[in-house]
Amino acid sequence: MENAKIILTAENMTKSFGITRALKGVPLQLKSGEVLGLIGENGSGKSTLTSIIAGIQPADAGEIRLNGAPYGAQSSVEACRQGICMILQEKATFDHLSVAQNIFVGDEKRFGRFGILDIKRMNREAEDILKSIGITGLEVKKKIAECSFEEGKLVELARAASTDPQILIVDETTTALSQNGRNILYRMMEKMKRENKSIIFISHDIDEMMEKCDRLMVLRDGDYIDTIGRGDFSAARIKKLMVGREIADNYYREDHTCSYDKEVVLKLEEVSTEHLHNINLELHRGEILGFSGLADSGMHDIGKAAFGAIRLSSGRVCDKDGETVKNPQAAMHKKIAYIGKNRDQESLFINSPIKDNISVASLKKLSKNTFIPPRKEREFVLEWAERLEVKMQDIDQYVMELSGGNKQKVALAKWLGFGADIFILDCPTRGIDIGVKASIYRLMENLKAQGKSILLISEEMPEVIGMSDRIIVLKDGVQSGEFERDETLSEHALINCMV
Amino acid sequence: MNKNVLNIIKLISLPIILYLFFSISASGFGMHSLPIVVSQSMIPTIMGLGLYLMMNADLMDLSMGARTVFAAIIGGIMAQKFGVAGLVAGCFIGGMAVALFMALLYRFIKIPAMVISLGIVLIFEVAGAKLVGSSGYLRITEAEYFIGSYPCNIIIVFAAAVFAYILYYKTRVGSYITAVGNDEKMCKNVGINADRIKFAAIALTGIFGSLSALLYICYSGSITAGTEMTSMSMVFRPIMCVILGRYMRKQVECMPLLIFIGGISITIIFNGFVALGFSEALQDIALGMFLIIILGSRVITQSFSTWKEAKGRA
Chain A
0 MENAKIILTA ENMTKSFGIT RALKGVPLQL KSGEVLGLIG ENGSGKSTLT
50 SIIAGIQPAD AGEIRLNGAP YGAQSSVEAC RQGICMILQE KATFDHLSVA
100 QNIFVGDEKR FGRFGILDIK RMNREAEDIL KSIGITGLEV KKKIAECSFE
150 EGKLVELARA ASTDPQILIV DETTTALSQN GRNILYRMME KMKRENKSII
200 FISHDIDEMM EKCDRLMVLR DGDYIDTIGR GDFSAARIKK LMVGREIADN
250 YYREDHTCSY DKEVVLKLEE VSTEHLHNIN LELHRGEILG FSGLADSGMH
300 DIGKAAFGAI RLSSGRVCDK DGETVKNPQA AMHKKIAYIG KNRDQESLFI
350 NSPIKDNISV ASLKKLSKNT FIPPRKEREF VLEWAERLEV KMQDIDQYVM
400 ELSGGNKQKV ALAKWLGFGA DIFILDCPTR GIDIGVKASI YRLMENLKAQ
450 GKSILLISEE MPEVIGMSDR IIVLKDGVQS GEFERDETLS EHALINCMV
Chain B
0 MNKNVLNIIK LISLPIILYL FFSISASGFG MHSLPIVVSQ SMIPTIMGLG
50 LYLMMNADLM DLSMGARTVF AAIIGGIMAQ KFGVAGLVAG CFIGGMAVAL
100 FMALLYRFIK IPAMVISLGI VLIFEVAGAK LVGSSGYLRI TEAEYFIGSY
150 PCNIIIVFAA AVFAYILYYK TRVGSYITAV GNDEKMCKNV GINADRIKFA
200 AIALTGIFGS LSALLYICYS GSITAGTEMT SMSMVFRPIM CVILGRYMRK
250 QVECMPLLIF IGGISITIIF NGFVALGFSE ALQDIALGMF LIIILGSRVI
300 TQSFSTWKEA KGRA
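Protein sequences appear in the order of chains A and B. For the first sequence, position 286 (counting from the first letter as 1) is numbered 285 according to numbering that gives the first Met the number 0, and the numbering increases by one without interruption. For the second sequence, position 260 (counting from the first letter as 1) is numbered 259 according to numbering that gives the first Met the number 0, and the numbering increases by one without interruption.
For the record, the hints were derived by calculation from the structure and aren't laboratory data. If you're wondering where the values come from, they're calculated on a predicted model, not measured in any experiment. Quick reminder that beta carbons are idealized off the backbone N, C-alpha and C, glycines included. Mixed in with the good hints, there may be bad ones.
[Said to hold, decoys possible] Pairwise CB distance ranges (calculated):
| id | chain 1 | residue 1 | chain 2 | residue 2 | range |
| --- | --- | --- | --- | --- | --- |
| 1 | B | 284 | A | 386 | 51 to 59 Å |
| 2 | A | 492 | B | 287 | 53 to 61 Å |
| 3 | B | 111 | A | 8 | 42 to 50 Å |
| 4 | B | 57 | A | 17 | 25 to 33 Å |
| 5 | B | 12 | A | 392 | 36 to 44 Å |
| 6 | B | 6 | A | 374 | 56 to 64 Å |
| 7 | A | 277 | B | 293 | 34 to 42 Å |
| 8 | B | 287 | A | 322 | 33 to 41 Å |
| 9 | B | 293 | A | 392 | 56 to 64 Å |
| 10 | B | 129 | A | 310 | 39 to 47 Å |
| 11 | B | 190 | A | 487 | 29 to 37 Å |
| 12 | A | 231 | B | 57 | 30 to 38 Å |
Kindly produce the complete structure, drawing on both the sequences and the hints.
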C-alpha cells in the first residue's frame, strides 16, 4: 500500500459559501486500491470536498489531477464517465421510476434506439447488477415509492456498481443501512479494493472508519488537519484531531442514579397504533425516559403518538392535568416538542431559511396584534442560533445548505425558543459527529436539571443506557422490558428483551 | 387469474356500474346512449393524455382547451380549401404550433407554466376569434367530419392511447419527464437537463392537442370561437380524468387506460344527470361529490379496517 500508485490528487482546494469558508486550501491524495476515510465534525468540509471531486459543485480554487492528468468534471455525469462515482448522504432516487429505471437513470441510451427503451433488457441487467453485489429479493419492476429508504440506498449502490467506477465516494451512507445493507456495501468496497480501485469513505462512526479505512484524513472547520495511517489509528487521537480538544470516551451522563420528580407530566394509556399494542407509560418531571428496540419494534411510533402526530386505534395520551393530547396543535399547547428521526422530512423546512425554521413554533409569542415585528423575530432567531452555536452564514441561509449536525441544532433551537417542557427526541444524534453529539447530551442534561422531561427514542443502545433514567424496551410493538438507570446495566440485558 | 388482469376488470367495473345505475334510474339513458357517451368521453380522454404529460412533469396547464379550439379553427379553415387532408393537416399544424410556442416561452422566459398557459388562453382565444371572422364559427362538411366521428374517433383515441403508453413507459423522454416531476435537483445530478425535458413535455402535448382538435371539430361539424377564457372550462374534465387515473394507478400501472376509464366514468355521470333532469348546478355538485367519494374511498377503507382491527383486539 505504501508504494501504491497515486490516482487522484487535489491541491489547495478552496470553496466558500457567502462569508463561510467551507474549504481552506485542502489537499488530498488517493492511492489505488485503498480506502481513504474522510473524518471531521459536521461542517468540517468533507462533503464539500467530495462533492467537488464528484463534479456536483465547482471549487473556487485548487487543482485536481486524475491519473496524473488535469481533472475538472463539470457535472456528476461527467465525473462518472471519468470513473468517479458518489453515493450521496441524501436520497438520490426517483420515487415514480422503477428500481431498474433508477439504476440506469441517465444511462438509458444503451437500452434502445430512437428513444424507445428495451425495458425487458433493462430489467434483466438490473437483476444481474443487484445479484452481483449481493442484493436479493428486491423486485426490479417495483417503484421506489414502494421501497423502504434502505432499499432506495441499495438501489443507489447498484447504480454506482453499474458504472464500474475507478473511485467510489461513499458519503455517510451507512447510517441509512441496516447491518445487512452495510455488509453489502462493505463487500462492494472489498471487491473494489481487490480490483485495485479506490474508495473515499465518510462516516461519523469512528469504529467503522478504523475498521474499514487504510488511511484517515482529518478535516476541521474547512482546514486540513492530518492524515493517519492504519498503524497509528486510535479513537482518542482521532477524536482529538477532529474536535481540536480532548473528548472523553464517555460523554454520556456521569451519574448512575435514577433521578426525577414524582409528578407525571405525560401519560400514555393503553395506546395502540398500527405498530404498537397497549402501551402504558408515565413520563415524570425531570426524567429522561429512553426507548430501545429493533428498528421495526414500533418505538418510533411512540414519539409520534405522544405528540399526537399519528392516529391511535385505541387508548389515549394525556398531560399532567389528564387532558388528552389529540394532535400536534394540542401537544404544542401543552408545551410538548417533537424532533423526528427523519430530520429533513419531519422536523425542518429544508427549503426555507434558518430564520423561518427557528421562529415557526414561536410566531404566536412573537406576534404583536397579528403582525410579527421583523426586528423582534430576527433577534429571537439570532439569540437561539447563537445559543446552540449553529454554524451558518447568517439566519437567512437555507437549512438545506447546512450539515446534519447544524440542521439538528436548528431543530433544537426551534423548540428551545418555543419554551417546551417536554421533549420527544427520536434518534437525536443520528448521523451527527461526536462534537455535536456531546453538546446534545450536555443540553439534555441541562434540560433535565431545569426540570424538563425528555422522551428519548434511539437505535443506539449506549446512548439510551448512557442518558436515560429509565429504559423501556419494545419488541413487536409490545413492551418487553423495563430497566432503571444502573451502573451495571448492559447492552446485553436490553438485547435479551429485544430479540 | 393474473393480478393485473383482475385489477383491470375491477377498474372497468366502475364505468359499467355507473352505466347500469343510470340505465335503471333514468328513463332517457340506456343502450342507445352508448355511442354518445363513448364519443363524448373521447375528447376529455385525449386531452387528459396530453395533460398527464404536463402534470407528470410537475407543470400546470390550463390552456389545453384554447389550444384545441385554435387548432380546430386552423383545421376548419384548411378543410375549406383542401378537404379532409386540409382538416387533418390544419389541426396538426395549429396544435403543434401553439404547443411549440408555449414550450419556447416556458424555456426562455422561465415563468411558471400556469402563468404561461393563462397567457396562451388569452392570446389564442382572440386569435381564433379573429380567424373565424364576424360569424364567430366555422362549419365543415359531412364528408370532412366523418374522420373524427363515431366510430373513427374510437380508433383515433385508441391509437393515441397506444402512442401515449409507449411514450410514458417505453421511452427515454417518458422516464425523464417522470424524473423531472419527481425532483429537478436530483435530475441534474444524473445528467438530465430538466429544462429541455420540460420543453419536450410541453411540445409533445401538441400531438394530443391536435388530435383533440380534430375530434372536437368533427363532433358537431362546426367550431365556435370563444373569448373571455371560456375555453378554460374544457380543461376541467380532462384534469378530473387524470386525477382519477392517478388515483387508480395503485391498482394497475397503465395511465392511458386509467385516463380513459376516468373519462368515460365522468361522461356517464354527466349524461346520467342530464337524463335525470338535474340542473347544471346540481350536476356540478353531484360530480364533486363523486370525486370526493372515489378519492376518499381509500382513506375510508383504511379507517374502517383499522377500526375493525382495533375492535378485534379489544
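How the hints compare with the structure:
{"no.": "1", "hint": "B:284 / A:386: 51 to 59 Å", "in the structure": "holds, 55 Å"}
{"no.": "2", "hint": "A:492 / B:287: 53 to 61 Å", "in the structure": "holds, 59 Å"}
{"no.": "3", "hint": "B:111 / A:8: 42 to 50 Å", "in the structure": "holds, 45 Å"}
{"no.": "4", "hint": "B:57 / A:17: 25 to 33 Å", "in the structure": "holds, 29 Å"}
{"no.": "5", "hint": "B:12 / A:392: 36 to 44 Å", "in the structure": "violated, 58 Å"}
{"no.": "6", "hint": "B:6 / A:374: 56 to 64 Å", "in the structure": "holds, 59 Å"}
{"no.": "7", "hint": "A:277 / B:293: 34 to 42 Å", "in the structure": "holds, 36 Å"}
{"no.": "8", "hint": "B:287 / A:322: 33 to 41 Å", "in the structure": "holds, 37 Å"}
{"no.": "9", "hint": "B:293 / A:392: 56 to 64 Å", "in the structure": "violated, 48 Å"}
{"no.": "10", "hint": "B:129 / A:310: 39 to 47 Å", "in the structure": "violated, 57 Å"}
{"no.": "11", "hint": "B:190 / A:487: 29 to 37 Å", "in the structure": "violated, 56 Å"}
{"no.": "12", "hint": "A:231 / B:57: 30 to 38 Å", "in the structure": "violated, 51 Å"}
In terms of the numbered hints stated before, the structure departs from hints 5, 9, 10, 11 and 12, listed from lowest to highest.
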